[in-house]
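A.B. asks: What follows is each chain in one-letter form.
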Amino acid sequence: MAAVQSVSASQIAKIILSVRDKQPLIHCLTNNVVKGFTANALLAAGAAPAMVEHQDEAEEFAAIADALLINLGTLDEPQMRSMRRALFSATSANRPWVLDPVAVGPLTTRTEFAREILDFHPTLIRGNASEILALAGEAEGGRGVDSSDESEAALRAAEQLAATGKTTVLVTGKIDYIVSSTQKGAVANGHVLMTRVTGVGCAMGALAAACLAVSPSPFLAAAATAVWLGVAGELAAEASKRPGSFQVALLDALDSIDEEIISTRANFHAAMEPLN
Amino acid sequence: MAAVQSVSASQIAKIILSVRDKQPLIHCLTNNVVKGFTANALLAAGAAPAMVEHQDEAEEFAAIADALLINLGTLDEPQMRSMRRALFSATSANRPWVLDPVAVGPLTTRTEFAREILDFHPTLIRGNASEILALAGEAEGGRGVDSSDESEAALRAAEQLAATGKTTVLVTGKIDYIVSSTQKGAVANGHVLMTRVTGVGCAMGALAAACLAVSPSPFLAAAATAVWLGVAGELAAEASKRPGSFQVALLDALDSIDEEIISTRANFHAAMEPLN
Amino acid sequence: MAAVQSVSASQIAKIILSVRDKQPLIHCLTNNVVKGFTANALLAAGAAPAMVEHQDEAEEFAAIADALLINLGTLDEPQMRSMRRALFSATSANRPWVLDPVAVGPLTTRTEFAREILDFHPTLIRGNASEILALAGEAEGGRGVDSSDESEAALRAAEQLAATGKTTVLVTGKIDYIVSSTQKGAVANGHVLMTRVTGVGCAMGALAAACLAVSPSPFLAAAATAVWLGVAGELAAEASKRPGSFQVALLDALDSIDEEIISTRANFHAAMEPLN
Numbered sequence: 000m001a002a003v004q005s006v007s008a009s010q011i012a013k014i015i016l017s018v019r020d021k022q023p024l025i026h027c028l029t030n031n032v033v034k035g036f037t038a039n040a041l042l043a044a045g046a047a048p049a050m051v052e053h054q055d056e057a058e059e060f061a062a063i064a065d066a067l068l069i070n071l072g073t074l075d076e077p078q079m080r081s082m083r084r085a086l087f088s089a090t091s092a093n094r095p096w097v098l099d100p101v102a103v104g105p106l107t108t109r110t111e112f113a114r115e116i117l118d119f120h121p122t123l124i125r126g127n128a129s130e131i132l133a134l135a136g137e138a139e140g141g142r143g144v145d146s147s148d149e150s151e152a153a154l155r156a157a158e159q160l161a162a163t164g165k166t167t168v169l170v171t172g173k174i175d176y177i178v179s180s181t182q183k184g185a186v187a188n189g190h191v192l193m194t195r196v197t198g199v200g201c202a203m204g205a206l207a208a209a210c211l212a213v214s215p216s217p218f219l220a221a222a223a224t225a226v227w228l229g230v231a232g233e234l235a236a237e238a239s240k241r242p243g244s245f246q247v248a249l250l251d252a253l254d255s256i257d258e259e260i261i262s263t264r265a266n267f268h269a270a271m272e273p274l275n
Numbered sequence: 000m001a002a003v004q005s006v007s008a009s010q011i012a013k014i015i016l017s018v019r020d021k022q023p024l025i026h027c028l029t030n031n032v033v034k035g036f037t038a039n040a041l042l043a044a045g046a047a048p049a050m051v052e053h054q055d056e057a058e059e060f061a062a063i064a065d066a067l068l069i070n071l072g073t074l075d076e077p078q079m080r081s082m083r084r085a086l087f088s089a090t091s092a093n094r095p096w097v098l099d100p101v102a103v104g105p106l107t108t109r110t111e112f113a114r115e116i117l118d119f120h121p122t123l124i125r126g127n128a129s130e131i132l133a134l135a136g137e138a139e140g141g142r143g144v145d146s147s148d149e150s151e152a153a154l155r156a157a158e159q160l161a162a163t164g165k166t167t168v169l170v171t172g173k174i175d176y177i178v179s180s181t182q183k184g185a186v187a188n189g190h191v192l193m194t195r196v197t198g199v200g201c202a203m204g205a206l207a208a209a210c211l212a213v214s215p216s217p218f219l220a221a222a223a224t225a226v227w228l229g230v231a232g233e234l235a236a237e238a239s240k241r242p243g244s245f246q247v248a249l250l251d252a253l254d255s256i257d258e259e260i261i262s263t264r265a266n267f268h269a270a271m272e273p274l275n
Numbered sequence: 000m001a002a003v004q005s006v007s008a009s010q011i012a013k014i015i016l017s018v019r020d021k022q023p024l025i026h027c028l029t030n031n032v033v034k035g036f037t038a039n040a041l042l043a044a045g046a047a048p049a050m051v052e053h054q055d056e057a058e059e060f061a062a063i064a065d066a067l068l069i070n071l072g073t074l075d076e077p078q079m080r081s082m083r084r085a086l087f088s089a090t091s092a093n094r095p096w097v098l099d100p101v102a103v104g105p106l107t108t109r110t111e112f113a114r115e116i117l118d119f120h121p122t123l124i125r126g127n128a129s130e131i132l133a134l135a136g137e138a139e140g141g142r143g144v145d146s147s148d149e150s151e152a153a154l155r156a157a158e159q160l161a162a163t164g165k166t167t168v169l170v171t172g173k174i175d176y177i178v179s180s181t182q183k184g185a186v187a188n189g190h191v192l193m194t195r196v197t198g199v200g201c202a203m204g205a206l207a208a209a210c211l212a213v214s215p216s217p218f219l220a221a222a223a224t225a226v227w228l229g230v231a232g233e234l235a236a237e238a239s240k241r242p243g244s245f246q247v248a249l250l251d252a253l254d255s256i257d258e259e260i261i262s263t264r265a266n267f268h269a270a271m272e273p274l275n
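Chains as they are written, first to last, in numbering that gives the first Met the number 0: chain R, 0 to 275; chain W, 0 to 275; chain F, 0 to 275.
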């Protein structure tokens, strides 16, 4: 059983400021729908994105970059080869990496691939409830990229994935849950408009990689990611109620968030048991 | 000869509300320039986009999704394989599908491929005049993605493509024409700024797939698509005269359009003969 | 030694107006992160973008289009084949072409490929200081897409690349330098927010291709490109200080810039020696 542990707003703010200060270089092997938005989200956050795809170069670059994102959204055979070689290189160089198992469950190839690369022990797995359930082998997941299970339902699956002690899991939904082998937490920031813009979840995986690159712990990095993006969503929804302008405002908010906003808005709960 | 038939604003509004209510899952095999914008346009419309490219998964997913979009904009060999398998699967499962024959005519590979997959009988073909002419074998089309023929000129080609009774054709331009084996119509909504943003035409193909998924007839789905996007373009042009902010306003307008706006603005003409 | 030569604001304005008037068709073989933004930047500038990737079609299309962009950002094996064939076709048809050697230096495959295609004599090379140094074989460049050398440092490398008289080099940074075998210049327009949006540098390569298509000289085309985009960045920064809305404003500004704005704002210096 995971213990309850609190994360303070000032710890989260410190991660955000550290991303802006250190500008970690994030190697993104991600899907073709969201590459532009992911790069813009990382730049808005203060990090440096790079998408290097050729299998030889992906291996070279994964050791140069500060963290690696593996997102399975539009997986194909050449990308699988690049991902395997980048993972070998990144883990050999002790770089943190994030697995975003997009649409794992109903689709066979990516589900098998996702389970295969679990052997590289992702520092963080970010997925919705369906994806986390499917990755742990407990369910066949949803029809696609949207979550059809509530994130609470995936908590047991997350605990199972985190049990080795080598992986932390961020289960995203209306409430985001963070589960490691020793800690649990929940973040209640965010806004429903975030589901009306493509790539917000994928950008979250990339942002998590940036936070991992500067954080003393994956658990804290996951908390900072969920709060940063969630608060940005809240600020953006105050600026706009329509998806086109919301997307623009979301990038602006990733950039404008400061310590004071975090201290006022961060909605991190250590006591998640009643929700379980 | 196709008969003239009217479509009412309330029929169109009903399709729009139905997309928002049912949130059809649209499998998009589309080009790499517009994947993000296409997904955002579908989300703004209330539909659920998914781009699944791997050939095994494309076959799997086409039977799960509610409709399929085949857009030839950046066709390559792996995508041709995925498209063939997705088409086999989608048509076996009786899913509607849209063919967007981007730049067919001057480019050999895609022109041959487009004619090959006509055997799967697209529920709807959406193209500009050059593309429709080339697809029907009547002309070699334009230099690229922009139409160099007026859409009226392609009406005969559209009638020919629709003659089997299995396909409806949406010829887009300043005026959009809709041609089935039994009906004809024209939509005069839209704004010239729509040609200053990449992917508006491609998003129209995706929106058509979403409308097909909830519509009792392809003809009505095509009319709803042309009116919905055209009116959104008009609203966006009232909000902005520059292409960057126009693109943002266009997504907002896809979301904000309601029954009242449709009843005021829909410009559907059944009597298209004088224009022919 | 290159001679100093002045370029007037009215010469630059003439190029901009000519792009809008002639709407040159630009064949972009570019990276998957920026395809949408590149197309939108070209459309905002008044040019016509087309991304044709299949190797047979890339060869066909390069002879149809008015200029070719080769950007190495997400190079893979199929794209290398398409690029070789497009280059063969474009240069046979005497079309101008731009090489954007993204991240050349630290990554082996693209560095070798970039040097290989120098044999096709790019009409213009656009890169940051690291990339220009690495391309000329003088340094191993930076960690990724961002410049880690000041652009002044790359001037000698640029002179070496331009020495054949067949290539002009645009070294971009806080100040942009233009070097041909007979002329040198510097442009001091721009804003730091341009580094917070993905694809601004890549869009610059595409814009350069559009300017080359209508310009009497590559040197003047490079000057017009650097001034047009740089002034657009300044105008956008006056409209917004955050990266999301800055990106939108940048596209709007590419469209809104006119002769008067250019005459007021163009910051072209012929006398670059003191900076060297």
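It is possible that some hints are incorrect.
From the derived model, a few chain F residues whose C-beta atoms are all more than 12 Å from chain W [stated by the list, open to error]:
#1 Ala-162
#2 Thr-163
#3 Gln-246
#4 Thr-263
Okay, derived cross-link-like pairs now, BS3-like style, lysine-lysine, Cα gap no bigger than 25 Å in a straight line [said to hold, decoys possible]:
#5 R:Lys-240 <-> R:Lys-165
#6 R:Lys-165 <-> W:Lys-13
#7 F:Lys-240 <-> R:Lys-21
#8 F:Lys-21 <-> W:Lys-240
#9 W:Lys-173 <-> R:Lys-240
#10 W:Lys-165 <-> R:Lys-240
Note that these hints are calculated values from the structure, not bench results.
Positions of the beta carbon are idealized from the N, C-alpha and C atoms, including for glycine.
A.B. asks: Of the numbered hints stated previously, which ones are contradicted by the structure, given in increasing order?
C.D. replies: 3, 5, 6, 9, 10
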